[in-house]
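Protein chains in written order, with the numbering used here: chain X, 1 to 97; chain L, 1 to 103; chain S, 1 to 329.
Hint data in this document are derived by calculation from the structure and do not stem from the laboratory.
Just to be clear, a hint being listed does not mean it is correct.
[Stated by the list, open to error] Across the chosen pairs, the derived CB separations fall in these ranges: (1) X:1 / S:132: 23 to 33 Å; (2) S:248 / X:5: 43 to 53 Å; (3) S:126 / X:5: 21 to 31 Å; (4) S:22 / X:58: 55 to 65 Å.
[As the list claims (entries may be wrong)] Over the 10 Å line for every Cβ pair with chain S, so calculated as not near, a few chain X residues: (5) 4; (6) 16; (7) 17; (8) 34; (9) 42; (10) 50; (11) 56; (12) 62; (13) 71; (14) 81; (15) 82; (16) 85.
By construction, the Cβ of each residue, glycine as well, lies at the ideal position given by its N, Cα and C atoms.
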Amino acid sequence: MLEFLGVALMGLGTVFFVAGTVGLLRFPDLFCRLHALTKADGLGLALVCLGTICLASTPGEVLRIIVIWFAVALSSATCGHMIARHARAHRNDSEAP
Amino acid sequence: MTPALIYGLTGIVVFGIGLFGALCVRDRLRRLLALNLCGMGAAFVLVAGAWRMPPDSADPVPHALVITGIVVLVSATAVALALIRRLHTLESAPEEIPEDTPE
Amino acid sequence: MTDLLLLFDMLLGLLIIGLAVAALRVRDLFAMVVMFVTFGLMTALAWVRLAAPDVALAEAAIGTGVTGALLLKTLYHLRRVSGTLHLPEALSERPPDPQVPRAVIAANAVMCGLVVIGLAAAFVTAPLGGPGFDAAVADAMPESGVDHPVTAVLLNFRAYDTLMEVVVLLAAVIAVWLVERSLPQSDPPVMGEVYEGFARLVLPGAVVVGVYVLWAGAVAPGGAFQGGAVLAAVGLLLLMSHVYEPAPAHRAAARGLFVLGVAVFTGVALLVAWGGRAVFEYPPGLAKPLILLIEGMVTISIAATLAALFHGREPGVQPRPADTSEGAQ
Chain X
1 MLEFLGVALM
11 GLGTVFFVAG
21 TVGLLRFPDL
31 FCRLHALTKA
41 DGLGLALVCL
51 GTICLASTPG
61 EVLRIIVIWF
71 AVALSSATCG
81 HMIARHARAH
91 RNDSEAP
Chain L
1 MTPALIYGLT
11 GIVVFGIGLF
21 GALCVRDRLR
31 RLLALNLCGM
41 GAAFVLVAGA
51 WRMPPDSADP
61 VPHALVITGI
71 VVLVSATAVA
81 LALIRRLHTL
91 ESAPEEIPED
101 TPE
Chain S
1 MTDLLLLFDM
11 LLGLLIIGLA
21 VAALRVRDLF
31 AMVVMFVTFG
41 LMTALAWVRL
51 AAPDVALAEA
61 AIGTGVTGAL
71 LLKTLYHLRR
81 VSGTLHLPEA
91 LSERPPDPQV
101 PRAVIAANAV
111 MCGLVVIGLA
121 AAFVTAPLGG
131 PGFDAAVADA
141 MPESGVDHPV
151 TAVLLNFRAY
161 DTLMEVVVLL
171 AAVIAVWLVE
181 RSLPQSDPPV
191 MGEVYEGFAR
201 LVLPGAVVVG
211 VYVLWAGAVA
221 PGGAFQGGAV
231 LAAVGLLLLM
241 SHVYEPAPAH
251 RAAARGLFVL
261 GVAVFTGVAL
271 LVAWGGRAVF
281 EYPPGLAKPL
291 ILLIEGMVTI
301 SIAATLAALF
311 HGREPGVQPR
321 PADTSEGAQ
């Protein structure tokens, strides 16, 4: 039962990853793409991590997966912010020529 | 058909791509990257050679060799990048003639 | 099930080849670095499939993380020097180099194709999974002092290799410091408050993870090089968020840290030899503490050296000003 739930959660998570990637490929400018990627991938990551937790066998594994989840979520949020910040600061430069 | 066969062939193709890039690319940074690809291709073949059918565990000696190789590769890359930075700086200011002053 | 996994292997292999081609073909240099980093991560994934988690960890941390940081730093410097930092990407590179003649490209392509075909033929016909060193290593494991074969090979059976590797790192940092002496310093980019908050939040956790990876190396995948790379990432965070600014007074300490690993490694080897054994033949019972001592010191050295390779400049050495030709220092 738990196994089934884990696989289902991971499957749902990959759907969000695919959605984020479609957004990355289809959206017109950098800010829209960032929006799609960070939102959808954040949710996808959460679902995949929850699914992996369902499949984990020891409490230590669960703890490690939660730490990984926290670290990846934090760094992807910071990366998204920094890309947007850089793009906004240099928007006028890059549109000039 | 085993993973070792697939990834070994992948590594050989990556090595070939890196070799071609190192011979034909003009940009220095890109050529350095091509040489890095060569190294990665060789590492691929070593790791694939260490693989054993699942009940057996893999051969640890090639693994240790590849870890050593990765660290040496990053050292060499760092030195090459420092040289690229210096070359680029010298080319950007051609009127300044470099002279090596003894310390 | 197995067939599905083999399908995954094939797709991953094709993706890796495609990323390698893309890294060499894409016009923009920044995109090239991104392709190379993705290539490294996919390679790490492939090596997990080949039952080599140690190598995958090392590749992800050192081959991809540290190399990517080094490449980006160099790219920043190059664009800064040529004044093309904020121009749109494809236009910002130098004017295209004179093209390599078509015939030369074709000849090289044919040669590389022949090399690949020859290597592939040799690889396919070679007996895969033949006898390697696994039996010898498995026999000697009880005497090694650790329970993880790769760590045993690195720190015990083939300790010479590892010692030389640490020496190579030392040589690299000396070379980088010498080359960087006459470079004008480019101001580091301003990273912003969010980045600094991120650094503050992540630093303690990253230190714990680095030490954990080092400690886990005795029984599971991990070890000095992977742990050292994680700690080097801590160093990069400190340097880029300006929490730590290398000062001239720190030069002696930095040199001490770079040499620490080689010194302890050699010291242990010589002490063991002095006790009437072969070099690196640890006395039984003492093998585990000695290996842990060496690994700990080597980890600190690796972390300091990788961070210094990223920083590049020896602290306190005044760069030659761009317009006069006064000597350094």
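Unmet hints by their number, sorted upward, for this structure: 1, 2, 3, 4, 13, 14, 15, 16
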